[in-house]
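Chains as they are written, first to last, in this note's numbering: chain A, 1 to 245; chain B, 1 to 387.
No lab work stands behind these hints: they were computed from the structure.
Hints are supplied without guarantee of correctness; some may be wrong.
With a Cα cut of at most 30 Å, we get these calculated DSS-like pairs of lysine-lysine [stated by the list, open to error]: (1) B:94 to A:234; (2) A:122 to B:168; (3) A:67 to A:80; (4) A:114 to B:162; (5) A:68 to B:134; (6) A:111 to B:164; (7) B:88 to A:68; (8) B:94 to A:18; (9) B:351 to A:18; (10) B:94 to B:68; (11) A:234 to A:18; (12) A:18 to B:140; (13) B:352 to A:219; (14) A:205 to A:234; (15) B:352 to A:18; (16) A:219 to B:31; (17) A:237 to B:94; (18) B:168 to A:114.
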Amino acid sequence: MNESIIKVENLRLQHGTKLIQKDLNFSINRKEIFTIMGPSGCGKSTVLKALTGFLPPTTGEVFIENKKLWRNGIADSSLKNSFAVLFQNSALWSYMTIEENISLPLQRFTKLSKAMIAKIVKYKLSLVNLAGYESYYPYELSGGMQRRAALARALALDPEILFFDEPHAGLDPITIRNLDELIVSIKDNLGATIVLVTHEIGSIKRISDNVLFLDNVQKTLLELGPVDVLMKSKYNKVQDFFNAG
Amino acid sequence: MSKGIAFLDLKNKEILFSGNWTIWSDIQAIKKVSDDIKKINLSSLTVRLENNSKWDSAFVVILLDILKLGNKYKIEINLNSLPEKVLKLLDLSKEKYLEQEQSLQDSSKSKASTENIDITEAKTEETLLQKFIKSDSGKKLYDFISFFGDWLYAHLLLFQGKVKFRSKDYFELLRNSSVEALPIITLISFLSGVVLAYVGLVQLETFGAEILIANLIGFGVLRDMGALMAAVVMSGRTGASYAAQLGTMNSNDEIDALSSFNINPMHFLVLPRTLALIFMMPLLTVYADIIGLIAGAVIACSTTNISITEYYTQTVYALGVNDFLVGIVKSVAFGIVIAFFGCYYGINSGKKAQDVGNSATHTVVTSIVFIVIFDAIFTVFFSLVKF
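Next comes chain A alone, as it looks inside the complex (with noise of 0.2 Å):
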């Protein structure tokens, strides 16, 4: 039997007074790759805001490991170093170098020595294939450099957990292939859950263990379960969805 990392019960979104999304219950598989899709606007990255800490639920809960995420509206702190993001952007740290991007957390969070931190950061680039750029700064790499670092950043600390806002977004097909490829080694070698917000069909169809869909109109889960499932759904829409790409 499949052990969750992540459970979500009766959660429920809002922005002000404007519904989001309402009545999720799912959970997620410790070492599965789990999207999330729907169409344009359907809430999709608030969700998944609510799972990372940064958007309180308007009610419902979100555990991971067990653990309540959410008390009184504030994130339990000590539950951050179990996950970690990869933002839409990058969100590389601009003013600091590649290196000093990937080797903050470490000695923010570990004892290690100067040195074992410059040795795991080149680790963690040759992962991403950026083995090199170290000293480069954020703007000096294409987006698809970027997103590979921030990929980089992100294993740090090797959490249990991973969470890709559009990691495909703005990517060329190679690029994607390529990024698909290491989102699979990750799970497979360092043993990582895998959270997914992405349109990209294609890479969904490729590495998803589990797909969640979000509906737009309902504003509530649609569908959850493996790909193959979700193609022969009985809603049209996410049909549509899977035979667009």
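Use these hints to put chain B onto chain A, whose structure you have.
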């Protein structure tokens, strides 16, 4: 402006469009036709467009509205006589447009039936304070108080040695708010000294008390102008730069990225900036004081018979350490004000393109206002305690 003419022919059960039906034409005529369609009782209507009529997407939108009316009032709308290109354009958007209209209606209905329950419940439960907190001004006040609380708490933790930030960042901030600020501070302080000297001399010469210009400039520069001018320059230079840096980091999700690693942006970004200005403002003020005094001396000695030795002796005689300290105390407060508002507006800047610019503007304006307020408070206070 060319006109579009629409005519509802009840006899032939058709709407005839003629003239220009483009976004550049006067197409008000459709309103009357639409109103007429709502009033009459017809089972079908044919839409026709005169051959020499001009049309563009505005006409397609009008047709979509007619189709919507047809749906609503159960009138079959026949579009077959329209040009093929119009029909193709219509086909591209018809389904989605009508679907969107339908879903808008549905959602407003469901809002009324379901969401309103939540809102009504919320309304009955919400106190006046909660309503205020949810309003724009309430949110801003809440953000400010919460930032101020976090800021104070971060300083408390700093004294307990529980805050870590990169020394490299701190020294870079020190450099940025010191050496790089010197040229502009030199210019402004020198000119303030010149102005003070000229204004003072005009009055003192009438009493034959030119020598007292040394007292006037000494008091003015040390107790007030040195710190004030340095603060105004630093709020426009460093305060705005803090707001822009942090605002840009905010819009690029870099601040969220720090939080995602459990690194407190207040400790990592705000504290070093505040400390940099707390440390640098007194030094810049001492520098501004020296430049201001030199400027005063240059003007006084070059425009009157006072010698530089007399001027120096009079200055040393007139001023005390307390005058110097008043300026230093003020400068620390001004440094805190500039760093606080620069960081507050930067971190709370929105994600839109203009937000970074706005946060820099708000920083400069608010900082200068508070600098003047604090200056007045300190001046009155030191005068009352005779310091």
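Those earlier numbered hints the structure runs against, lowest number first
7, 16
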